[in-house]
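S.K.: As a plain string of letters, each chain reads:
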Amino acid sequence: MTTVPVIELADVSKIYPLPSGDVLALDHLSIKIERGEFVAIMGPSGSGKSTLLNQIGGLDVPTSGTLRITGKNIRKMSDDKLTDLRLNAIGYIFQKFNLIPLLSAYENVEYPYILKHRCNDTTGRVSRLLADVGINKRLAKHKPAELSGGQQQRVAIARALVNDPDILLCDEPTGNLDTKTGGQIMEMLNGLHDQGRTVIIVTHDPSVGEQAERIIRIRDGKVADA
Amino acid sequence: MKNDIILQLSVRSIRLNFLRSLLAAIGIVIGVVAISSMGMMGANMTMSVTEELSAMANVLVVKPDSGGGGGGMMGGGGSSSDDDYIDKDQFDDIERAAGKYGNVYPLYQESDTITIGDDDRRATIYGMRDEDMATILTVANGSLPQTSSSVVVGPTFAENNDLTIGSRITIGDEDDEEAIIQKVRVVGILEEKGMSMDLNSDNAIIMTEKAYNGLYGGEGEYDQVNVILYDINDADTATEAIEDKLNRKEDEVAVQDSSRMMESITSTVSTLTTFVMAIAGISLLVAATSIFNVMMMSVTERIREIGILRSIGTRKSEVLRMFIYEAVILGLVGAIIGAIMSVILGWLVVLAMVGTTKYFFTYQSLIYVPVSMAIGIAICVFSGVYPAWRAANLDPIEALRSD
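Protein chains in written order, with the working numbering: chain A, 23 to 248; chain B, 66 to 468.
What the hints contain is simulated information worked out from the structure, not anything from laboratory work. Please note: incorrect hints may appear among the correct ones.
Said to hold, decoys possible - Restricting the straight-line Cα-Cα distance to at most 30 Å, the calculated cross-link-like pairs of lysine-lysine (DSSO-like) are:
(1) A:Lys-163 / A:Lys-54
(2) A:Lys-244 / A:Lys-103
(3) B:Lys-165 / B:Lys-153
(4) B:Lys-153 / B:Lys-314
(5) B:Lys-310 / B:Lys-128
(6) B:Lys-381 / A:Lys-138
(7) A:Lys-163 / B:Lys-381
(8) A:Lys-98 / A:Lys-159
(9) A:Lys-118 / B:Lys-381
(10) A:Lys-103 / B:Lys-381
(11) A:Lys-138 / A:Lys-118
(12) B:Lys-381 / A:Lys-98
(13) B:Lys-381 / A:Lys-165
(14) A:Lys-159 / A:Lys-118
(15) B:Lys-128 / B:Lys-153
(16) B:Lys-381 / B:Lys-275
(17) B:Lys-314 / B:Lys-128
(18) B:Lys-381 / A:Lys-94
Model the full assembly from the supplied sequences, consistent with the hints where possible.
M.R.: Right, here's the structure in full:
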């Protein structure tokens with residue numbers, strides 16, 4: 023029995039039309055990522071890794087080729103379907119944490135849960151996840167602006183996990199953190215991979231990249247070395 | 066109740082930018098207050114004027130038809146319209162035709178020179194039957210005249226000529242040797258009646274039929290016959306009845322009814338009200354601009370937040386809803402405060418402009434409160450639609466990149 027790759031790009035291109043001429047950001051890219059893998063996508067600035075991340079994260083759709091996320095072809099999806107895919111199948115962890123400033127740490131984690139289940143969390147899942155990432159009940163009541171960078175990233179990890187996604191997508195997750203805190207966050211991501219989650223990290227930090235099982239190097243919108 | 070996280074985000078955004086939101090809501094408050102108090106003022110004015118005019122409009126005035134000179138000819142009078150009159154038989158016919166619709170009474174009228182002290186002037190003099198005086202006139206001071214040498218005067222006439230009970234008036238031109246002179250005493254001053262088609266008693270001298278005939282002759286030759294209708298809706302029926310009875314062969318009389326004049330005046334008042342409300346509406350346009358500005362600022366400041374919301378699974382429609390909620394909350398708060406204030410301010414405006422608040426708590430007056438509230442909320446939502454649409458349609462990637 024063959025398993026369906028959690029992410030499958032077949033001959034994917036992305037062209038941005040600009041007045042000065044079309045920009046080919048992804049050039050006939052083909053990648054497969056299996057369930058449970060820990061993959062680092064690396065490459066210099068302008069290599070196309072951010073574009074690739076947006077495609078894998080369902081924020082953007084390819085100009086040509088086929089991109090399947092958890093077996094579903096996203097090029098045929100409506101905006102609402104794509105939004106639901108982001109809500110249910112993908113957990114985002116951003117470089118700048120990207121918590122909602124109006125909500126407390128607890129509410130930030132609960133927000134995607136409410137969007138999915140249309141009700142508050144009565145199962146204690148939000149509290150458990152916050153405890154797992156080291157955010158106590160007192161800190162959970164704080165607004166993001168009142169938390170340190172490391173604490174915010176922990177809250178962001180808890181938020182990414184709340185709907186039990188197939189993929190954890192991390193965009194330079196340690197980029198805004200000091201080495202020690204960055205190390206703690208990487209430990210946490212390693213732990214999540216050990217639990218069987220698919221973790222994809224986009225980074226240009228070699229020390230982060232080398233912790234992954236597999237490194238995909240991107241250069242000029244193509245796979246340089248898989 | 067289901068927890069609406071989108072609504073919570075809207076409420077929190079308003080709370081976070083409390084002062085800015087409050088200022089926008091105040092714009093709506095002013096607009097709602099302006100429109101509803103102007104509307105209420107107009108409604109109260111219309112009702113007040115209508116009531117005043119109704120007192121006047123329930124009157125039919127029957128005069129000899131001056132076009133055909135019918136009355137005069139029937140009475141054997143001259144050809145000039147001054148000599149036209151309604152004779153006793155015609156009066157009886159009118160009473161038979163219109164008696165069931167109202168109180169029918171005849172009236173003599175003359176304009177003559179009078180002397181009060183040393184001053185000569187002209188005045189309107191009415192002659193009335195005793196029984197009509199008792200029903201039609203209301204004396205404020207003194208009593209109704211019983212003899213040929215006593216008269217009542219209207220309040221305006223009394224005030225203009227410094228007349229009190231017991232004052233003396235000489236009626237008739239003393240310099241004209243042929244004229245009949247009658248010295249009379251004021252025995253009563255009437256209550257103010259206001260403008261009226263049948264009898265302008267406020268600025269006139271009124272004497273008994275006997276006294277009048279003694280001065281000017283012409284007994285049973287009335288200048289006009291008035292019908293004071295019991296029900297204003299009978300105006301047309303009564304007019305037809307009179308015309309059927311008297312104008313069958315030729316036009317003997319002309320019936321004037323004042324309902325058309327009233328219609329025209331009330332329509333003028335409501336046109337003015339609409340105009341004033343339109344001016345007040347400009348304040349709501351200003352408020353709309355302010356709401357639009359606040360919403361656009363809210364969207365611009367929260368572009369990154371919108372990007373986050375979209376990237377972690379918030380649908381376009383939910384982002385749209387979030388900003389529409391914000392506009393609706395601003396509108397609702399503004400409209401509710403505006404409604405409370407417009408009842409208070411409207412009451413004061415009506416008191417100052419119309420002079421009475423007796424129609425204030427009526428449906429026609431208070432309806433302007435919910436109407437202006439609805440307009441205020443609608444304008445808020447309308448102003449919020451474009452900013453909300455813009456927020457919902459932001460590219461999440463671009464939005465996430467913004468700082």
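S.K.: Which of the listed hints are not met by the structure?
M.R.: Hint check: 1, 8, 16 fail, others pass.
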